[in-house]
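Colleague: For the protein sequence lines, the chains are A and B, in the order given.
Heads up: the first sequence at position 122 corresponds to 122 in my numbering, and the numbers run straight through without jumps.
Heads up: the second sequence at position 78 corresponds to 78 in my numbering, and the numbers run straight through without jumps.
Source of the hints: derived by calculation from the structure; they are not laboratory data.
The model shown is predicted, which means the values in this text are computed figures rather than measured ones.
Don't take every hint at face value.
Note that identical chains are pooled: a pair holds if it fits in a single copy or bridges any two copies.
[What the hints assert, rightly or not] Listed next, the in silico EDC-like pairs over lysine to aspartate or glutamate satisfying Cα-Cα at most 16 Å (straight line): (1) Lys49 - Asp94; (2) Lys139 - Glu99; (3) Lys124 - Asp9; (4) Lys27 - Asp40; (5) Lys56 - Asp40; (6) Lys102 - Glu90; (7) Lys169 - Glu143; (8) Lys202 - Glu99; (9) Lys27 - Asp13; (10) Lys203 - Glu125; (11) Lys169 - Glu133; (12) Lys56 - Glu187; (13) Lys56 - Asp9.
There are 2 protein chains.
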Amino acid sequence: MKNKFVEPDYLVDLVQALNRLPGIGLKSARRMVYHLLQYDIEGLEILSKALINANKNLIRCIKCNSFSCQQICQICSNPDRDNTILCIVETPSDMNVLESSKIFNGLYYVLMGKLSPLDGIGPKELNFEHLIERANTDKNILEVIIATNFTAEGETTAHYLSDILSINKNIQISRLSRGIPSGSEIEYIDSNSLAWAFIERKKTKISK
Amino acid sequence: MKNKFVEPDYLVDLVQALNRLPGIGLKSARRMVYHLLQYDIEGLEILSKALINANKNLIRCIKCNSFSCQQICQICSNPDRDNTILCIVETPSDMNVLESSKIFNGLYYVLMGKLSPLDGIGPKELNFEHLIERANTDKNILEVIIATNFTAEGETTAHYLSDILSINKNIQISRLSRGIPSGSEIEYIDSNSLAWAFIERKKTKISK
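This is chain A alone, in the form it adopts within the complex:
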């Protein structure tokens, strides 16, 4: 970046470092830097320390592959969780959404990505070995729910995982259901979702 303003180098470096964050343009980055320097030096120090601490102390949970401060994360080490069901998600954010919905009380495995051959991301890059080993050696697991996204890459990942995990006949493999979102009107649903809702329709009980 050629700097069109006469600004001190260290200030420009900080602007560029913030500009690297997702969703932060040059203008917002510059605004943040001036805000920190003019009004919130304490905030600057807090951010600086938080970055160092996160970089130094956050590791991957050896069981679920998500971020953790301990070898085994809070969810994986919680004895109240149902250790017979393992839910596979793409990212920690997906796990957070499931957690806040309180619909699931089993354990997770976080892929930290999805299969994306065009970007050079295959089973090796996502360390599927680790997941397969986890699913096959943990004798408690009876069911694996694949909760990858319903995008092209997410579906590819789900198919692939379903294939390799179903070699183990002791485990039931399932996938989240597709259909019409709760609370929505059929008039406004895209035709793709509507098609899936028809294909995967469920029988209702018939009163006799």
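Since the structure of chain A is provided, determine the placement of chain B on it from the hints.
Modeller: Chain B alone, transformed into the frame defined by chain A:
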């Protein structure tokens, strides 16, 4: 903030530190943190270093009061600039805008704020002494242009500065002109700006 997700403490600390930045909500902050941890650890380290460097090395220029790595900043130490005119602005961002417009080649003084009695910001908090001393002891200065914003606080600041600086009879005090922005249509101008454009109208040359 009560954390509704089961997330490691160091991760939550970083989310909160980023949440403190202007324009960054909790959701964006969390997205940034996961982005850094999953895909851009290098970016995390760069940001961390940039913050430390900025905090350690950025000082205020002793002449213009803006941020600088040296005692006297690049603009103030540039011999090609017109040292007879001093332009007073509220913030370094205002200075940047003037610089990029290339309309002004004199020197600056950055107030780093504006008079705002309701927030407890008076002449003392903005260190007006420093500006007055600068204007009165620098014998090169012939004109001071007050370029504070045309908001209530900016106008108050301009009036106040104009009063105290005009005690020195050797200096011409001026203020940026008010009026209709270049390129705009009268139909869409707010009545306040229109009123000022009438009050501060200029005589045009009359052909004889």
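Colleague: Taking the hints in turn, state whether each one holds.
Modeller: Going through the hints against the structure:
Proximity of Lys49 to Asp94 under the C-alpha cut-off of 16 Å is found in neither arrangement, the shortest distances being 27 Å within a copy and 30 Å between copies. With identical chains, the CA atoms of Lys139 and Glu99 are never at most 16 Å apart, being 24 Å at best within one copy and 68 Å at best between copies. Taking identical chains as interchangeable, the C-alpha atoms of Lys124 and Asp9 are never at most 16 Å apart, the minima being 41 Å within one chain and 30 Å between chains. In this assembly of identical chains, Lys27 and Asp40 lie within 16 Å of each other by CA distance neither inside one copy nor across copies; the values are 18 Å within and 21 Å between.
For the identical chains of this complex, Lys56 and Asp40 are inter-copy neighbours only, at 15 Å across copies versus 25 Å inside a copy, given an alpha-carbon limit of 16 Å. For the identical chains of this complex, Lys102 and Glu90 are neighbours neither inside a copy (18 Å) nor across copies (50 Å), given an alpha-carbon limit of 16 Å. Taking the shortest Cα distances, Lys169 and Glu143 sit within 16 Å of each other inside one copy (11 Å), while across copies they are farther apart (87 Å). With identical chains, the CA atoms of Lys202 and Glu99 are never at most 16 Å apart, being 27 Å at best within one copy and 67 Å at best between copies.
In this homomeric assembly, Lys27 and Asp13 come within 16 Å of each other (Cα to Cα) only inside a single copy, at 14 Å, whereas the closest approach across copies is 25 Å. Taking the closest pair of Cα atoms, Lys203 and Glu125 never come within 16 Å of each other, the shortest separation being 41 Å inside a single copy and 73 Å across copies. Taking identical chains as interchangeable, the C-alpha atoms of Lys169 and Glu133 lie at most 16 Å apart only when both belong to the same chain, with a minimum of 14 Å there against 85 Å between chains. Taking the closest pair of Cα atoms, Lys56 and Glu187 never come within 16 Å of each other, the shortest separation being 51 Å inside a single copy and 59 Å across copies.
Taking CA atoms no more than 16 Å apart as the test, Lys56 paired with Asp9 passes between copies only; the shortest distance there is 13 Å, against 27 Å inside one copy.
The structure fails hints 1, 2, 3, 4, 6, 8, 10 and 12 (numbered hints given earlier, in ascending order).
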